[in-house]
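J.: Listed below, chain by chain, are the residues.
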Amino acid sequence: MDDLESRLSRLTAPDLKPPVFPTADVAYTLHDTPIGTMLLAVANGRVVASSFGDEETMTNRLARAVSTRVLRQPRPLDDVRRQLDEYLAGRRHEFDLEVDLALATPFQRLVLTDLPTYTSYGRTTTYGELAGELHKPKAARAVGTALGGNPVCVVLPCHRVIGSSGALTGYAGGLDAKRFLLNLEAKS
Amino acid sequence: MAPDKTVSLPPFQALVDAHWRDVARLARALAGPVDGDDVAQRAWEKAFAAYSGLTSAKNLRSWLLTITARCATDLHRARRPQRPLDEAPAVAVDGPDAADWPDPDLWRAVNELPERQRFAITLKYVGDLDHHGVAAALDTTPAASRRLVSDALATLRTKLGVHHG
Chain A
1 MDDLESRLSR
11 LTAPDLKPPV
21 FPTADVAYTL
31 HDTPIGTMLL
41 AVANGRVVAS
51 SFGDEETMTN
61 RLARAVSTRV
71 LRQPRPLDDV
81 RRQLDEYLAG
91 RRHEFDLEVD
101 LALATPFQRL
111 VLTDLPTYTS
121 YGRTTTYGEL
131 AGELHKPKAA
141 RAVGTALGGN
151 PVCVVLPCHR
161 VIGSSGALTG
171 YAGGLDAKRF
181 LLNLEAKS
Chain B
1 MAPDKTVSLP
11 PFQALVDAHW
21 RDVARLARAL
31 AGPVDGDDVA
41 QRAWEKAFAA
51 YSGLTSAKNL
61 RSWLLTITAR
71 CATDLHRARR
81 PQRPLDEAPA
91 VAVDGPDAAD
101 WPDPDLWRAV
111 NELPERQRFA
121 ITLKYVGDLD
131 HHGVAAALDT
141 TPAASRRLVS
151 DALATLRTKL
161 GVHHG
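Chains A and B, in that order, are what the protein sequence lines are.
Counting from 1, one number per residue, gives the positions in the first sequence under the UniProt record's numbering.
Counting from 1, one number per residue, gives the positions in the second sequence under the UniProt record's numbering.
So that you can see chain A by itself, here it is in the shape it has in the complex:
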């Protein structure tokens, strides 16, 4: 590239404006909470993600499973954020949100869909007990794996399910987050 060509390519324009868009098919935001940064996403007014997963991985999964028109737009998440904050402050015991398990496998859907009815605020159940509720008494391990991949964490309370020994076992947001949530529910 000669001098003239490099002068042409060096054009700098100050104060560029980012584009604005109508509401996306999938709107998401990154929300800082006491248990870590969560990626929250809605599609058609339903929560499709409430996750500790990283932005690139999660938005790629959403693009494949729901729609490629995925945008970072905080406004459509206002209600989700508010309810989550209330819950995390101990002021809310149930979520008034519709959930869409587009990111879940068929077995995860089976395990997650009725989780709020098989568990209750402030109480824990075990993987084995939950497997029994689902009429799959031998599937405790598979149930654990399904819960571990919960795309709608906290809203679908997989944190209330623990090992039969009482060990917390695991959590997508880390064991500290699981302990925080269980302590919160025990106190509130």
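Calculated directly from the structure, the hints in this document are not laboratory data.
This structure is a prediction, so every number in the text was calculated from the model and none was measured.
In this text, a Cβ means the ideal position worked out from N, Cα and C, and glycines have one as well.
One or more of the hints may lead you astray.
[As the list claims (entries may be wrong)] Here are some chain B residues pointing at chain A (derived, C-beta under 8 Å):
no., residue
1, Ser8
2, Pro11
3, Gln13
4, Arg21
5, Ala24
6, Arg25
7, Ala40
8, Gln41
9, Tyr51
10, Ser52
11, Asp128
12, Leu153
The hints should help you fit chain B onto chain A, whose structure is shown.
T.: Coordinates of chain B only, in the frame set by chain A:
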């Protein structure tokens, strides 16, 4: 279930994050500081509307810059006063306002190029597109793009008194 198994397009936000500055810069270079932002915004609206129907994930940057160039062309045509005959002046009246740019002498000279040459060198150097990309944006062939760019460079060298490097 994925809507289409054959192509896996990235989430639209990834395109915005990776390319919005390039689109905005190209739009300013093609349409000037006043209209450039409108051109960029319109280009993004078009891209957003078309994205769900897109069948190839290749060259998304080039695809965005092509849409930007077309929006700039549309605006240019809409602004051009109606004339009974197509006697458009060689001087682009709505190009970048050279006085506000770094390197004003260069951009004043670019501004005076015929429209297709001005678009071609802007796409090539500000947009950093190859001749295939420039050709796609201008609805022409790579050979014609190469010619437009070399004619434009020759004119600029004469005007600015710079020698071939």
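J.: With reference to the structure, classify each hint as holding or not holding.
T.: Going through the hints against the structure:
| no. | hint | in the structure |
| --- | --- | --- |
| 1 | Ser8 | holds, 6 Å |
| 2 | Pro11 | holds, 4 Å |
| 3 | Gln13 | holds, 5 Å |
| 4 | Arg21 | holds, 6 Å |
| 5 | Ala24 | holds, 4 Å |
| 6 | Arg25 | holds, 5 Å |
| 7 | Ala40 | holds, 6 Å |
| 8 | Gln41 | holds, 5 Å |
| 9 | Tyr51 | holds, 6 Å |
| 10 | Ser52 | holds, 6 Å |
| 11 | Asp128 | holds, 7 Å |
| 12 | Leu153 | holds, 6 Å |
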